[in-house]
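Make one complex out of these two single chains by using the hints.
Top line first, the protein sequences correspond to chains A and B. The working numbering numbers the first residue of the first sequence as -8 and each following residue consecutively. The working numbering numbers the first residue of the second sequence as 166 and each following residue consecutively.
Be a bit skeptical, because a hint or two may be false.
[What the hints assert, rightly or not] Listed below are the simulated SDA-like cross-link pairs for lysine to any residue, each with C-alpha atoms no more than 25 Å apart in a straight line:
| # | chain 1 | residue 1 | chain 2 | residue 2 |
| --- | --- | --- | --- | --- |
| 1 | B | Lys202 | A | Ser(-1) |
| 2 | B | Lys207 | A | Gly7 |
| 3 | B | Lys207 | A | Ser89 |
| 4 | A | Lys46 | B | Asn196 |
| 5 | B | Lys223 | A | Leu69 |
| 6 | B | Lys264 | B | Thr243 |
| 7 | B | Lys187 | A | Lys46 |
| 8 | B | Lys236 | B | Gln179 |
| 9 | A | Lys46 | B | Gly166 |
| 10 | B | Lys264 | A | Lys4 |
| 11 | A | Lys48 | B | Arg272 |
| 12 | B | Lys236 | A | Ser(-1) |
| 13 | B | Lys202 | A | Val15 |
| 14 | B | Lys233 | A | Lys46 |
| 15 | A | Lys4 | A | Asp42 |
| 16 | B | Lys202 | A | Asp50 |
| 17 | A | Lys4 | A | Gly31 |
| 18 | B | Lys264 | A | Asp50 |
| 19 | B | Lys236 | A | Asp42 |
| 20 | B | Lys236 | A | Gly33 |
| 21 | B | Lys264 | A | Asp29 |
| 22 | B | Lys222 | A | Gly49 |
| 23 | B | Lys236 | A | Leu32 |
| 24 | B | Lys207 | A | Lys44 |
| 25 | A | Lys4 | A | Gly88 |
| 26 | B | Lys202 | B | Ile212 |
| 27 | B | Lys207 | A | Gly49 |
| 28 | A | Lys4 | B | Gly206 |
[As the list claims (entries may be wrong)] Have a look at the derived ranges for each label pair, beta carbon to beta carbon:
| # | chain 1 | residue 1 | chain 2 | residue 2 | range |
| --- | --- | --- | --- | --- | --- |
| 29 | A | Thr77 | B | Leu205 | 17 to 23 Å |
| 30 | A | Glu13 | B | Ser183 | 21 to 27 Å |
| 31 | A | Lys48 | B | Arg272 | 27 to 33 Å |
| 32 | A | Glu13 | B | Thr234 | 15 to 21 Å |
| 33 | A | Glu47 | B | Asn232 | 26 to 32 Å |
| 34 | A | Arg64 | B | Gly220 | 16 to 22 Å |
| 35 | A | Glu13 | B | Lys223 | 36 to 42 Å |
| 36 | B | Gly220 | A | Arg90 | 14 to 20 Å |
| 37 | B | Gln246 | A | Arg90 | 19 to 25 Å |
| 38 | A | Lys9 | B | Asp224 | 40 to 46 Å |
| 39 | B | Asn168 | A | Arg0 | 27 to 33 Å |
| 40 | A | Glu13 | B | Ser191 | 47 to 53 Å |
Quick caveat, the hints were computed from the structure, so don't treat them as lab data. All of these numbers come straight from a predicted model, not from anything done at the bench. In this text, a Cβ means the ideal position worked out from N, Cα and C, and glycines have one as well.
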Amino acid sequence: DVKVTQSSRYLVKRTGEKVFLECVQDMDHENMFWYRQDPGLGLRLIYFSYDVKMKEKGDIPEGYSVSREKKERFSLILESASTNQTSMYLCASSTTGSRGYTFGSGTRLTVV
Amino acid sequence: GENVEQHPSTLSVQEGDSAVIKCTYSDSASNYFPWYKQELGKGPQLIIDIRSNVGEKKDQRIAVTLNKTAKHFSLHITETQPEDSAVYFCAAGDTGFQKLVFGTGTRLLVSP
Chain A
-8 DVKVTQSSRY LVKRTGEKVF LECVQDMDHE NMFWYRQDPG LGLRLIYFSY
42 DVKMKEKGDI PEGYSVSREK KERFSLILES ASTNQTSMYL CASSTTGSRG
92 YTFGSGTRLT VV
Chain B
166 GENVEQHPST LSVQEGDSAV IKCTYSDSAS NYFPWYKQEL GKGPQLIIDI
216 RSNVGEKKDQ RIAVTLNKTA KHFSLHITET QPEDSAVYFC AAGDTGFQKL
266 VFGTGTRLLV SP
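Chain B extracted, bound-state conformation (with noise of 0.2 Å):
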């Protein structure tokens, strides 16, 4: 079955600083990769997602890459803001069944 291994587990940056974390999966079947984010309190939220066909994906702050030779896929957030201090989880899965594999989490901190 699909694995998803997710890096750093904690990072910690300055307002205005990139943040980058990165994710390796498995399976080479599987065609969607979705990012959450998980504040204090509340479920996962969706914040981006990709699909294999698409090399990179872009949302104004955030942007995700995909690797498929490489099966590693990768968030970028830039100019970072106290306000993205949350948990950060992706998944990797299959869009025609729907079920999402998870990684282990990020647990980001920006500080002012």
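In isolation and in its complexed conformation, chain A is listed as follows (with noise of 0.2 Å):
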């Protein structure tokens, strides 16, 4: 089965903080998406790569930036937390062909 294994389950930061937050996925994967999730809101993108060192900004990408040095690896970075940004953050990979995407278990971030 395909993983996708993002860091932590819960985090608290404080306002002004980096925030990073890591997702892998162990298939080989080349697409990897970062969204969050918020009640009434549905899933919405924030960013995704197609291939190492290559993003691309999804629908909501302010506040945001990702890093991809690693086809495995695809890593969330809020440059300075605000409260807004309290949310279930979820990564997903998928590969051209497959059945659509296989989610991590999510972060859920607050900021205080």
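Now the structure itself:
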């Protein structure tokens, strides 16, 4: 089974901190995605990557950046955390022709 | 860009009843429509998907129908069981680039 592992299930950070959310997949998928999930808003795409060192903005990239130095790892960075970034963050991966995404279990981030 | 609307936001049924969740999409270029189930504390998991060259697909108690002309697709769950209780998300995208746009989710509650 494909596994997508997110390094933390729960995080509490202070306003203004730099926050790193890590995601690792073990099936050599070229595509990786970061979504945030908020009640009533569904899943919204923050950033995605189709290859190493490649990144593209999704629908809500403001306040976020990403890094993909290795194929299996896709990191989401909050440069200066704010309270409106309190959310559930979901990482996903896929490969061309695969059936949809495989998601990680999510990281629930609280910014205080 | 693509926009996906999903209804209803909550759905309560009695065990054994059927449940239907409906989604509409806006981009006629979308050709892949997966459905995900998210249980408490977990990431979404793919339960069924359909491509635009097919009108209906079944897998045991779940089925998905697609009307390309009207740009809508639906999830049907028959003989519901308490373990079907979860949040369900529809999505639309392109099989080539695998970028999915998600609906806002439906919380299904199946009462014994």
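Hint check results:
Distance restraint check for B/Lys202 and A/Ser(-1): the Cα-Cα separation of roughly 22 Å lies within the 25 Å cut-off, and the hinted pair is therefore satisfied. A hinted pair counts as satisfied when its Cα atoms are at most 25 Å apart, and B/Lys207 with A/Gly7 does not qualify at roughly 28 Å. Annotation: proposed proximity of B/Lys207 to A/Ser89 holds, straight-line Cα distance about 21 Å (limit 25 Å). Among the hinted pairs, A/Lys46 with B/Asn196 is consistent with the structure: their alpha-carbon atoms are about 23 Å apart, no more than 25 Å.
Note on B/Lys223 and A/Leu69: the hinted pairing is violated, with a Cα-Cα distance of about 42 Å set against a maximum of 25 Å. For the hint linking B/Lys264 to B/Thr243, the alpha-carbon distance of about 30 Å lies beyond 25 Å, and the restraint is violated. Between B/Lys187 and A/Lys46 the alpha-carbon distance is near 32 Å, which puts this suggested pair outside the 25 Å criterion. With a C-alpha separation of about 30 Å, the suggested pair B/Lys236 and B/Gln179 falls outside the 25 Å cut-off, and the hint is violated.
The straight-line distance between the Cα atoms of A/Lys46 and B/Gly166 is roughly 18 Å, inside the 25 Å bound, and the hint therefore holds. Straight-line distance between C-alpha atoms of B/Lys264 and A/Lys4 comes to about 30 Å, which puts the hinted pair past the 25 Å bound. The suggested pairing of A/Lys48 with B/Arg272 is violated, with an alpha-carbon distance near 29 Å, which exceeds 25 Å. A C-alpha spacing of about 38 Å is found between B/Lys236 and A/Ser(-1), which places the hinted pair above 25 Å, so the restraint is violated.
Between the alpha carbons of B/Lys202 and A/Val15 the distance comes to roughly 22 Å, so the proposed pair stays at or under 25 Å and holds. Restraint check: the Cα-Cα separation between B/Lys233 and A/Lys46 comes to about 31 Å, which exceeds 25 Å; the hinted pair is violated. At roughly 30 Å between alpha-carbon atoms, A/Lys4 and A/Asp42 are farther apart than 25 Å, so this suggested pair is violated. Taken as a hint, the B/Lys202 and A/Asp50 pair is honoured in the structure, with Cα atoms around 23 Å apart against an allowance of 25 Å.
Distance restraint check for A/Lys4 and A/Gly31: the Cα-Cα separation of roughly 24 Å lies within the 25 Å cut-off, and the hinted pair is therefore satisfied. Taken as a hint, the B/Lys264 and A/Asp50 pair is honoured in the structure, with Cα atoms around 11 Å apart against an allowance of 25 Å. For the hint pairing B/Lys236 with A/Asp42, the CA-to-CA distance comes to about 31 Å; that exceeds 25 Å, so the pair is violated. A C-alpha spacing of about 20 Å is found between B/Lys236 and A/Gly33, which places the hinted pair at or below 25 Å, so the restraint holds.
Between the alpha carbons of B/Lys264 and A/Asp29 the distance comes to roughly 19 Å, so the proposed pair stays at or under 25 Å and holds. Of the pairs offered as hints, the one joining B/Lys222 and A/Gly49 is violated, with about 30 Å between alpha carbons and a cut-off of 25 Å exceeded. For the given pair, B/Lys236 sits about 21 Å from A/Leu32 by alpha-carbon distance, which is consistent with the 25 Å threshold. For the hint pairing B/Lys207 with A/Lys44, the CA-to-CA distance comes to about 29 Å; that exceeds 25 Å, so the pair is violated.
Proximity of A/Lys4 to A/Gly88 is assessed by CA-CA distance (about 38 Å); at most 25 Å being required, the pair is judged violated. A threshold of 25 Å between alpha carbons decides the hint, and for B/Lys202 with B/Ile212 the separation of about 6 Å falls inside it, so the pair holds. For the proposed pair B/Lys207 and A/Gly49, the alpha carbon gap of about 23 Å is at most 25 Å, so the pair holds. Distance hint between A/Lys4 and B/Gly206 is fulfilled; the C-alpha atoms sit about 20 Å from each other, no more than 25 Å.
About 19 Å separates the C-beta atoms of A/Thr77 and B/Leu205, a value consistent with the hinted range of 17 to 23 Å. As the Cβ distance of A/Glu13 to B/Ser183 is approximately 41 Å, the hint placing it in 21 to 27 Å is violated. As the Cβ distance of A/Lys48 to B/Arg272 is approximately 30 Å, the hint placing it in 27 to 33 Å holds. One distance hint, 15 to 21 Å for the beta-carbon pair A/Glu13 and B/Thr234, is violated here, with the actual separation near 44 Å.
Distance hint check: the CB atoms of A/Glu47 and B/Asn232 are about 31 Å apart, consistent with the given range 26 to 32 Å. Between A/Arg64 and B/Gly220 the beta carbon distance is about 40 Å. The supplied range of 16 to 22 Å is therefore violated. Under the hint 36 to 42 Å, the C-beta atoms of A/Glu13 and B/Lys223, about 39 Å apart, fit the expected range. Here the CB-CB span from B/Gly220 to A/Arg90 is close to 18 Å, well matched to the stated 14 to 20 Å.
Here the CB-CB span from B/Gln246 to A/Arg90 is close to 24 Å, well matched to the stated 19 to 25 Å. Against the hinted window of 40 to 46 Å, the Cβ-Cβ separation of A/Lys9 and B/Asp224 comes to about 44 Å, which satisfies the hint. Taking 27 to 33 Å as the suggested C-beta distance range, the pair B/Asn168 and A/Arg0 conforms, at roughly 31 Å. Look at A/Glu13 against B/Ser191: about 34 Å separates their beta carbons, and that is not inside 47 to 53 Å.
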